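Taken in sequence, the protein lines are chains U and R. Here the working numbering is used: the first residue of the first sequence is 1, the next is one more, and so on. Here the working numbering is used: the first residue of the second sequence is 150, the next is one more, and so on.
Calculated from the structure, these hints are not laboratory results. Note that the structure is a prediction, hence the values are computed from the model and not measured. Some hints here could point you the wrong way.
Derived CB-CB ranges, DEER-like [stated by the list, open to error]: (1) LEU518/R with GLU50/U: 17 to 23 angstroms; (2) ARG29/U with GLU235/R: 34 to 40 angstroms; (3) PRO41/U with GLY249/R: 58 to 64 angstroms; (4) ASP111/U with LEU243/R: 31 to 37 angstroms; (5) ASN134/U with GLU595/R: 25 to 31 angstroms; (6) PRO509/R with ARG37/U: 49 to 55 angstroms; (7) ARG29/U with SER222/R: 27 to 33 angstroms.
Okay, derived cross-link-like pairs now, DSS-like style, lysine-lysine, Cα gap no bigger than 30 angstroms in a straight line [what the hints assert, rightly or not]: (8) LYS418/R with LYS456/R; (9) LYS7/U with LYS566/R; (10) LYS2/U with LYS484/R.
Positions of the beta carbon are idealized from the N, C-alpha and C atoms, including for glycine.
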Amino acid sequence: MKRVYPKEEVCMGCHLCEVHCAVQHSASRDVLKAFTRDSPPPLPRIRVQENGRMFVAVQCRHCPEPLCVYACLTGAMQQDPLTGTVSLDPQRCIGCWTCILVCPYGAIRRDLERHIAVKCDLCPDLEVPACVVNCPNEALVFTEDGAGA
Amino acid sequence: MPRRSGKQTKAAKPEAEVLKTKYLIVGNSVGAVGAVEAIRQIDRSGPLTVLSDEPHFTYSRPMIAEYLAGECSLEHMLYRPPDFYERNRVQAVLGCKAVGIDFQARLVELDDGRKIAWRKLLLATGGTPIVPRMEGVDRKNVFTFTTIADAEKMKRALPAGATVVVIGGGLIGISVTQALVKYGAKVIVVELMDRLLSTMLDPEGSHLAEERFHAASVQLVTGQTVSRIIGQAGDETRVGGVILQDGRSISCDAVVVAIGVVPRTELVKDSPVAVNRGIIVDRRMQTSVRDVYACGDVAEAFDFVQKADRVIPVWPNAYIGGRVAGQNMADVRAKYPGGTAMNSLNCFGLSVVSAGLVDPGDTEGYEILSTPPTATSYGKIVLKKGRVVGMIFLGDIERSGVVFGLMKDSVNVSGFKEALLRRDFGLSALPDQLRRQLLGVGPAPEKVVVAE
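Just chain U, with the same shape it has in the complex (with noise of 0.2 angstroms):
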């Protein structure tokens, strides 16, 4: 499957994925919009990590093996068997993070507003999720084989 790979090599930690992120997440899917309007304010999924001058875009990784499905104790976090997207049913999460504690990337995070766990869901609504489509540099690539990208 086709998954977002990082380029840590050009990336140069600008956000804007995040921003992008945010607001394809969000009720208006305006940038102005959404911070002031939605309640509560949209959270991105990708989130980018720097150290000293490195900088890498870190969101889920949509494993083959997702330990975060695995471990759920709702079944609120589930694996498309016909795409292999991983994604959360928000309605069935009551808020106990275990795929938190069990996912190596870091890549979900909480709403403590609405006590729920929010992931990358490789924005089913586009083509290409928003936060490659708006990368200004390029840093991420969306594509079958990471080691190549």
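Keeping the supplied structure of chain U fixed, place chain R upon it in accordance with the hints.
Chain R only, in chain U's frame:
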């Protein structure tokens, strides 16, 4: 059983109905679902039967706390969508109890007289709550807390303002205590050890959890246990109070016994299946009997921290064990990576995450990293020979998964250990090669130096 030919002196008993299946799973919780999903990824059509003494569609057992608290309905508790059995071609035999197994003839006998013939068997029977023998334990309003039926019984029996004594300050005790507080009950927790969550946390961590209890007006009695349960004045059949070991008495309307579970192994008693504390399984989750597997709370499986087989009754291990069992049952070789003690829970608003060996009594040979505890946060990592063997995160727990992954993969963290408990810890703090490997992006490209 085949009918014998020839003369019969007694009137022939009606033939017991025999259902035939390829895969039989005894149990219907997370381990069973893990096995069903694994089998169906490999074998779309082999007859698959799930047997459970509970009459319910597979449900999320931990959510009985939300149910008791009035935060969710029964429909909300379904662990898989309502078409799960249909879609996976599972014959679900629910509300029937297995009463015996003939390992020679490969038959499971049910309490209604029917039999199920199987070729591969998975024992995913879970655990039974421990109820110590004590005077008065058979009175009305003494509960355990592991099934929907338990939660429903409590809902029926308890008025909102009831006073409840919870015996046990571990995971189940904390879960039922929070649910009861939301239900409107007054709760007193009696814990044998000197602190809450003594197997999951160290004293500093337990202290933070206890502060949350006090803030929620839950009374905590430590270093004590209930020696007997006394009756109500006027109705001796009902709970009226408890007497502690030191002679103190606490009056209450109900008692919840929450001191843990033991593997539910009665089906394999006096059978060829080897049992220690739980059913012993190898790394393929197979028991000592060929084609018979076990997983979850009933099994004694590999612990990757202790490097030994142990009973670890936690949810994620049960799914993964069930999955590995299912793969092997469907003839795809798979190895159990091992599990370890691991829990994530909410203690009156405080997120608590713990895994592995969190409080080695004798610290010789261990290195402890920790952050100073505050009212809302605490972090601790236990290292042995440069590898993470235990961790506690309270409050901000979002980085715990990366540390858990390093622990599971036995990564030598000596070179970056001081970063592990930093607030901004993440993949960016890992050595380049390890990070790139985790992210699946291949080695770093060589730097191109442009000549001036």
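Verification of the hints:
no.: 1; hint: LEU518/R with GLU50/U: 17 to 23 angstroms; verdict: holds, 22 angstroms
no.: 2; hint: ARG29/U with GLU235/R: 34 to 40 angstroms; verdict: holds, 36 angstroms
no.: 3; hint: PRO41/U with GLY249/R: 58 to 64 angstroms; verdict: holds, 59 angstroms
no.: 4; hint: ASP111/U with LEU243/R: 31 to 37 angstroms; verdict: holds, 36 angstroms
no.: 5; hint: ASN134/U with GLU595/R: 25 to 31 angstroms; verdict: holds, 29 angstroms
no.: 6; hint: PRO509/R with ARG37/U: 49 to 55 angstroms; verdict: holds, 52 angstroms
no.: 7; hint: ARG29/U with SER222/R: 27 to 33 angstroms; verdict: holds, 32 angstroms
no.: 8; hint: LYS418/R with LYS456/R; verdict: holds, 27 angstroms
no.: 9; hint: LYS7/U with LYS566/R; verdict: holds, 25 angstroms
no.: 10; hint: LYS2/U with LYS484/R; verdict: holds, 27 angstroms
Comparing the model with each earlier hint shows no violations; every hint is respected.
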